[in-house]
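Participant: Read top to bottom, the protein sequences are chains A and B. Positions 1 to 725 (our numbering) are the ones given, in order, by the first sequence. Positions 1 to 161 (our numbering) are the ones given, in order, by the second sequence.
The set of hints was computed from the structure by calculation and includes no laboratory data. Since the structure is predicted, the reported quantities are computational estimates derived from the model, not experimental observations. Hints should not be assumed to be uniformly reliable.
[What the hints assert, rightly or not] Covered stretches of chain A, going by a simulated chain B footprint (3 or more residues, C-beta under 8 Å):
hint : segment
1    : 182-194
2    : 323-337
3    : 653-659
Quick reminder that beta carbons are idealized off the backbone N, C-alpha and C, glycines included.
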Amino acid sequence: MKALKTVGRRPKRLDAEAKVKGELIYPSDRNLENMLWVEVVRSAHPHARIRSIDTGAAEAAGGVVRVLTAKDVPGENAFGIQIQDMPVLCHDRVRYMGDAVALVAAESRAAAREAAGLVQVDYEVLEPITDPEFAMRPDAPALHPGGNILHQGHFKKGDVEAGFEKSAVIVERSYQVPMMDHAFLETEAGVSYYGEDGLLTVESCGQYVYRDQTQIARALGLPLDQIRVTAPFMGGAFGGKDEITVQIHLALVTWHTKRPAKMVASRDESIVSHTKRHPAWMWYKTGASKSGKLLAVHCRFISDTGAYASLGGPVLNLMMEHCAGPYLVPNVWVDGYAVYTNNGFSGAFRGFGCTQACVAIESQMDLMARALKRDPLAFRRANVLHQGDRAALDYEMKTKVGAEPTIRAAQKGKLYRQRGKIKRDRSGHSRSVAPHIKRGVGVASQMQGLGLGVGLPDYAEVELNYSPDGRVTVRASTNELGQGACTAYAQMAAECLGVPLGKVKVVLADTATTPDSGTTTASRTTYAVGNAIMMAAEKIRAELASKGVGLEGISVRETFHIPVADQELGEGLPHLLYSYGTHVVLVEVNTLTGETEVLAVEAYLDGGRVIFKTGFEGQSEGGVAQGIGYALFEEVLLDGGRFLNTNFNTYILPTSLDVPADIRTVPVEVREASGPFGAKGISETCMVGVTPAVLNALQDAIGVRFLKIPVRAEDVLRALQEHRG
Amino acid sequence: MKVTVRMKINGAEALFEVEATERLVDTLRDKAGLTGTKFGCGIGECGACSVLLNGKVVSSCLVLTVQADGAEVTTVEGLARQGKLSDLQEAFVAEGAIQCGYCTPGMLMAAESLLSRYQRPTTEQIREGISGNLCRCTGYTKIVSAIRKTARRRAIRRSGR
Chain A
1 MKALKTVGRR
11 PKRLDAEAKV
21 KGELIYPSDR
31 NLENMLWVEV
41 VRSAHPHARI
51 RSIDTGAAEA
61 AGGVVRVLTA
71 KDVPGENAFG
81 IQIQDMPVLC
91 HDRVRYMGDA
101 VALVAAESRA
111 AAREAAGLVQ
121 VDYEVLEPIT
131 DPEFAMRPDA
141 PALHPGGNIL
151 HQGHFKKGDV
161 EAGFEKSAVI
171 VERSYQVPMM
181 DHAFLETEAG
191 VSYYGEDGLL
201 TVESCGQYVY
211 RDQTQIARAL
221 GLPLDQIRVT
231 APFMGGAFGG
241 KDEITVQIHL
251 ALVTWHTKRP
261 AKMVASRDES
271 IVSHTKRHPA
281 WMWYKTGASK
291 SGKLLAVHCR
301 FISDTGAYAS
311 LGGPVLNLMM
321 EHCAGPYLVP
331 NVWVDGYAVY
341 TNNGFSGAFR
351 GFGCTQACVA
361 IESQMDLMAR
371 ALKRDPLAFR
381 RANVLHQGDR
391 AALDYEMKTK
401 VGAEPTIRAA
411 QKGKLYRQRG
421 KIKRDRSGHS
431 RSVAPHIKRG
441 VGVASQMQGL
451 GLGVGLPDYA
461 EVELNYSPDG
471 RVTVRASTNE
481 LGQGACTAYA
491 QMAAECLGVP
501 LGKVKVVLAD
511 TATTPDSGTT
521 TASRTTYAVG
531 NAIMMAAEKI
541 RAELASKGVG
551 LEGISVRETF
561 HIPVADQELG
571 EGLPHLLYSY
581 GTHVVLVEVN
591 TLTGETEVLA
601 VEAYLDGGRV
611 IFKTGFEGQS
621 EGGVAQGIGY
631 ALFEEVLLDG
641 GRFLNTNFNT
651 YILPTSLDVP
661 ADIRTVPVEV
671 REASGPFGAK
681 GISETCMVGV
691 TPAVLNALQD
701 AIGVRFLKIP
711 VRAEDVLRAL
721 QEHRG
Chain B
1 MKVTVRMKIN
11 GAEALFEVEA
21 TERLVDTLRD
31 KAGLTGTKFG
41 CGIGECGACS
51 VLLNGKVVSS
61 CLVLTVQADG
71 AEVTTVEGLA
81 RQGKLSDLQE
91 AFVAEGAIQC
101 GYCTPGMLMA
111 AESLLSRYQR
121 PTTEQIREGI
131 SGNLCRCTGY
141 TKIVSAIRKT
151 ARRRAIRRSG
161 R
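Just chain A, same shape as in the assembly:
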């Protein structure tokens, strides 16, 4: 292949200048003439029956134009990506604190807020179901007609008991991971209006405009072609804007009032209402031989999906698929349950189930390495999956496996090679090491399915326009969430068509002007959209060669289908393609205060060939921050289904002082044959391994194994006291 001009380099982000000037218009920045402000009346209880709703006082309040309840939903009063079990507006029952009961549309936000407080809902309060194990019992009150078990999976490969019998080391532990908020900096927001084309238009923040269009159409009982949805840019998402948030409510208000409408969630409302990372309970028993070979993994997951399905089933499927990490294990037994409760509402979030499983399996790997007195990376490497091996759920790894190359690269890295010295050294990292300061180095290795997996439609259609003056426009319906995909798209188009990057424009996420490129999730867009761009560019090149550009220019649409595994084990299960990563983390623990500081991180990531280098590193660095947050700070606290911490004074995010200045991202480019220029994706792998690497570093530092995250200063202090006592 000839030398690449822009792929793999560090161009300026296409959207950087508009963002740095404050000129880019985000969903919450849109204001329209004659627009109404919409506020949602949300449930007052985590679980209750609605006896009646009295909107009289709210309707009579100053500035109020319309109050809507369930009876005003003209179509199907239900939505959900997979199962439509969530009401647009509740009419008989509420199942979590974020449930929407009524909408108030008023001339000002203040008027809408005030009137929202005047909607009288008569509730018959029900006992909230907050313990998933209780919820699973046959005698537990059912939150949905099919009972409380949304989804379960059971897989066996080989014979785990035989594996344990042969094991020299058996480690059995139970892990608990918390509900986590995406904390995208821009809350859910959008506007709706009737466009000049007559379409009911919603400009919003969802991660898949075509699916949002379908969900709006179903709820409003309208044909798809009367609805337009756009969402090119937003202030972060991380999976938390994958499910419907404001879209149907906005459309409903505009449909009823024929006026433009605007919604912006407050931070408290955002944390209460949108999906979260599933809290999970994970029991693991793993065994390895004296020579350090993994022989058996037996595990059981209970994932608390909260009030509604959203993607709770597929998240559990990925948890099970990734239960044994990137390792070859002859005997596997995994049982998983995703359970409805009244604990908020969980769904997609970076890592999508792998995040939870990785915390457990990578802790187990460390404990086994310790018990066998083996080097933690060498132990992992000795057990790593290779192409052609059979994965945990007994399917063949058919594409290139980058796990070993990332481990090998980590072994050669400075942090790992010099870990003994760095732990003792008083000068290696900024401050001196006093006796109460303990340092530790931890590692974790991970794989992450790319795309939605087998059985789900997973394609990307792209339009490429080549104008007579040599300018190129890429049209794709994915969003720019911050990940840098639009720049990567432009780079790939420029490279394929041999035009300078400056000649390429990217138009995103508009059902009226961009073809259906699928979801902006599952580490899939660079790979899927990139492939479609390459296919379209090929056709343009052929046409340029045969006929030339002509006066009209050339316009081509192409669709790429993500290849899938040839066997189906469940919805989205398994994957054919994976990204891989190994993280090495240095922590410092103050044994007097219990505070943990992450001093340095090395990230060895295989996302295939890197397209946009700055974006790749940026994703990695942000993933490190989120992984540290999950390990040390972040937890949505609930008491009896009621949220306790709903803003950033109590839901603690990592600041610039909590994330190390020293993050080194090393691309380990195992080129994927089916990828555009050999690329895969990186947006999840970059975060998932960080959390268990921090836990493993903590054990290295203070000799304590934490089984529950987040590990806060008080947890460290308590553990140290118990450890000493």
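With chain A held as given, fit chain B onto it using these hints.
Facilitator: Showing chain B alone in chain A's frame:
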């Protein structure tokens, strides 16, 4: 009760009739149309609404508009001159210190304030200086390096005089 408030925003005189309880962030976004200043939490925790008030960085969600009467306010829209990016903005672009970009305006204002306090800030001073501004995308790494490079270039420029 409506109050008349005068202020200078990015060098231009502005006059608003506001409720005494109105927050500066809302005046800037809704009345002045300066939506570069973002809204993230409403309680001064995230820094997305950071602006300079008489040269000092403040969370504009915690400032009442009446408190800014007679003040000079600088927002992100005031950083570029005739459409030309400031050196700090250029550094953010060049370093890739931007992802979703929602924290960027507030981050730039915090950085300007920091650079006015320290001519040659250390990495620790930079991390401290932006610790009131949350970013969920970048891990802060490239933001810190953009600020460090800007400080270095400004120091060189000063010494060259």
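Participant: Each hint: holds or not?
Facilitator: Right, here's what the structure says about each hint:
{"no.": "1", "hint": "182-194", "verdict": "holds (count 6)"}
{"no.": "2", "hint": "323-337", "verdict": "violated (count 0)"}
{"no.": "3", "hint": "653-659", "verdict": "holds (count 5)"}
Hint 2 from the list above is the single one not met by this structure.
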